[in-house]
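For chain F, the structure is supplied; the task is to place chain X on it using the hints.
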Amino acid sequence: MAASWKRLLFHILLLLVSCRHINTKTPGPTPPPLVPISSLPTDERSVSLKGESHTENVELLNPVNLALQCTWTGNQNKLPNITGFWRKDGDEVENSRVTVQLEGDEYELKRVFSIVSEESLGSYSCVFGSEAKIEFVLAAPQIGEVRDKPIVSYVGDSVVIACKMEETKPKPGSWNWYKANGTDKEQIFVVAEPLRYEIKNEERKTKLVVHNLTEADGGLYYCGAVYAISTTMGHVELKVISFQEPLKPFIAIVIEVIVLVAAILLYEKSQSKKNYTEGNGATDQMNTMTQGENNGPEGSSSTRQRKI
Amino acid sequence: MSNKADGSNSWSPTEERDVSLKRIMPPAPENELDYKPLDGGWGWMVVVGAHISIGFAYSTPKVLSVFFIDIQEQLGASYSEVAWISSIMLAVMYAGGPVSSLLVNRFGSRPTVILGGLLCGVSMVTASFGNSIVYLYFFIGVIGGCGLSLNLNASLTIISKYFLNKRPIANGLAMAGSPVFLCVLAPANQYLLHMFGWRGSLVILGGLMLNCCVAGALMRPVVLPRKPEKVEERPNLCTKPQQSCRNNAKKFLDLTFFKDRGFVIYLIGNVFFIFGAYAPIVFLSAYAIRQGVEEYSAAYLLSIMGFVDMFVRPGTGLIASSKWIRPRIQYFFGFAMVFNGMCHLLCPLVKCYAYLVAYAIFLGVSFGMVFALIFECLMDLMGNERFPSAVGLVTIIECFPILLGPPTAGYLVDIYKDYKYLFFMCGGVVVTGGLFLLVMNIYYYHMLEKEKPAAVREQNQTKTIENQDLVSASASRKYQSPERSMAGEC
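Chain order of the listed sequences is F and X. The first sequence runs 119 to 426 under the numbering used here. The second sequence runs 62 to 551 under the numbering used here.
Honestly, the hints are just simulated from the structure, not real lab data. It should be emphasised that the depicted structure is a prediction, and the values quoted were computed from it without experimental measurement. No residue lacks a Cβ here, since even glycine has one placed at the ideal position from N, Cα and C. Accuracy of the hints is not assured; some may be wrong.
Claimed, not checked - Derived DSS-like pairs (lysine-lysine); straight-line CA-CA distance at most 27 Å: (1) K267/F x K297/F; (2) K392/F x K123/X; (3) K391/F x K97/X; (4) K478/X x K287/F; (5) K297/F x K287/F; (6) K97/X x K387/F; (7) K297/F x K251/F; (8) K267/F x K123/X; (9) K289/F x K303/F.
To be verified - Restraint-style ranges between C-beta atoms, simulated for each label pair: (10) E237/F x Q352/X: 43 to 49 Å; (11) C413/X x V255/F: 33 to 39 Å; (12) S171/F x C413/X: 46 to 52 Å; (13) K391/F x M106/X: 16 to 22 Å; (14) E374/F x C413/X: 43 to 49 Å; (15) A185/F x V195/X: 33 to 39 Å; (16) E285/F x N192/X: 25 to 31 Å.
Bound conformation, chain F alone:
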């Protein structure tokens, strides 16, 4: 039974591939979409350019037929005809080169692109002649608040790594977590290691809790916000250090404190011994003085000062 379903799917694929040659509006380089083109919703973005270039960010959530329209007011020359074409990610789109007429003091380029998957996203530019360019950056909502400094945690401790999608952006369908393994990303499945990982998802926030950290757990972690069209990534770096790391400066400071305190107290002891011997001599002197002598007050105040 499964084999016949596979054959059916293959036939549909073939049909769509052959349909590609009939419909000139589909973009060339993208792989044939599995979803029939006509069932996608349509949307339009248009930009009017006055200078030399402009970049427009387009946020997409779901697969869509996106019509991009570029209008250019032209330069001083105002040629009646110029060549215009489209680029995707720097490569020229096949069969997109057309001659644009000057209509109502403007040049216009318009094309419909089928945005269905992550590969369809990217930078689309309409180019007028060799001068004017409007760039449309198509992307799923990006995670804005990216933590740039690493989280530092300790061996044997637990750590919470969080990702948040801003309130102003649409909320993702779900969240995924990945750990970087060399250049690859490995998805973290809680089911595989329920004792070590915990994922807590709210609508706009997600938290990955890693228990019983080891040094190997350090590295880059990626949180993916899943939208129908693609998954946007944010990354957080985790550093795992042993508890001896902060202990070393701490012990150094404690030793410094002990040394200073001992030095101060020893200095004071030596000072007071000196004063005591001097003081004894002075009091002997004072005892030999008679009461009411003129030297009395001077002697006592000078002794007082010396005792300091």
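Below, chain X without anything else, positioned relative to chain F:
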């Protein structure tokens, strides 16, 4: 008039009084010490110790906020829950005043500050092992706060024992510890956080706070020349130990202070000031951002304020110890308070960044002036004997405005959605406090002059006799005056 034969040129209360205009305030009777304070020498090392100790005391609750975001994430708490750590620490630091006074009166400054430093260090290190926010409330907030309160009171007391003529400078230099440590610890804490995470940073911060023990070691107890034993040690010379304990219990919260008009005036003025002083600082960057200033530039405003504060405090101490200002120091204090309040009132008129910078500078100047004088004036009012207990009482009462002020201001912002009412309220409250101090002090000293001219003359006479006695007592070892001060220590 003065029997000082050493020919020193010091400001003596007895001398000034006769030369004065009516407005010069007579110092508290206990200011007449039975020994001449050092006013220099080892005293400056004591000022260094007090600088460190006070620096940690005032800046630690503020710089801990650097760790809050991390702690919030790791322990799963909300921002307001984490912010309570600072508030608890500040509240305990102020509320622990009377306990601190008790320890200082009994054991002296040095053991108290060393104990305070140990408590702080231990509290931070223990807190680094915490896994719940309540654990942090207890170890950082309560235990840490206790340690800081011991530091604060004892540092101020030892300054009053070492300085008289140069006391405003000493106070200014010691209080300058607060902005200096704030400027140093804030970036240091950021660095520690990135290197070691919040747990390791707490451990190292605890180690740094052990330096308060070094500060305590510097606070050498004052050796009174005539006595064989040091005053600050356990009162072995006390003939009635049981009565001394009962007196101690009474001194724990000595409510007789409220009978002293000067004290009550000072207290009321201070409560007004503390209520209104902190909220503008807390909300300054938020206000600047609302006016359209960039985030980093808004943060610079606070740094500017702290930087200016650092230099203004010793500067104010220098001015306050001059011959012209020193006898009128209470009025100078009132003026500084009014100046601070006026700054807040004028702030809402300021919209652009340049004027905000000017506001931050004036704020730093006025804030520094008030804080340089805040304890100097209390020392001036209370004298050495009563100062430790007085400062304990003042801080525990100040606990309430310091906890209520910023939230009330924040509530105003929430209701009216406009920061200008916050500044009007705070400015109004502070100006009221300052004017109250000025007016009531004028009235108070006027009444004093009127009420007790005879008593003053009599005091002058007894002082002349006492001074002569002092000289002869050193030769013949009579203990009249020491017993009077010993009664206070017991």
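Verification of the hints:
Between K267/F and K297/F the alpha-carbon distance is near 17 Å, which keeps this suggested pair within the 27 Å criterion. Note on K392/F and K123/X: the hinted pairing is violated, with a Cα-Cα distance of about 44 Å set against a maximum of 27 Å. Using a Cα cut-off of 27 Å, the hinted pair K391/F and K97/X holds, with the two alpha carbons roughly 22 Å apart. Taking the CA atoms of K478/X and K287/F, the gap is about 25 Å. The hint holds against a cut of 27 Å.
Simply put, K297/F and K287/F have alpha-carbon atoms about 25 Å apart, close enough for the 27 Å limit, and the pair holds. Of the pairs offered as hints, the one joining K97/X and K387/F holds, with about 22 Å between alpha carbons and a cut-off of 27 Å not exceeded. Of the supplied pair hints, the one linking K297/F and K251/F is violated, its CA atoms being roughly 39 Å apart against a limit of 27 Å. Of the pairs offered as hints, the one joining K267/F and K123/X holds, with about 22 Å between alpha carbons and a cut-off of 27 Å not exceeded.
At most 27 Å may separate the alpha-carbon atoms for a hinted pair to count; K289/F and K303/F meet this at roughly 23 Å. For E237/F and Q352/X, the hinted distance range of 43 to 49 Å is satisfied, since their beta carbons lie about 46 Å from each other. For C413/X paired with V255/F, a C-beta distance near 36 Å keeps the hint of 33 to 39 Å intact. With their beta carbons about 34 Å apart, S171/F and C413/X fall outside the hinted range of 46 to 52 Å.
Taking the beta carbon of each, K391/F and M106/X are about 19 Å apart, inside 16 to 22 Å as hinted. Roughly 47 Å separates the CB atoms of E374/F and C413/X, a value that falls within the hinted 43 to 49 Å. The supplied range of 33 to 39 Å is broken by A185/F and V195/X, whose beta-carbon atoms lie about 58 Å from each other. At roughly 30 Å, the beta-carbon separation of E285/F and N192/X lies within the given 25 to 31 Å, and the hint holds.
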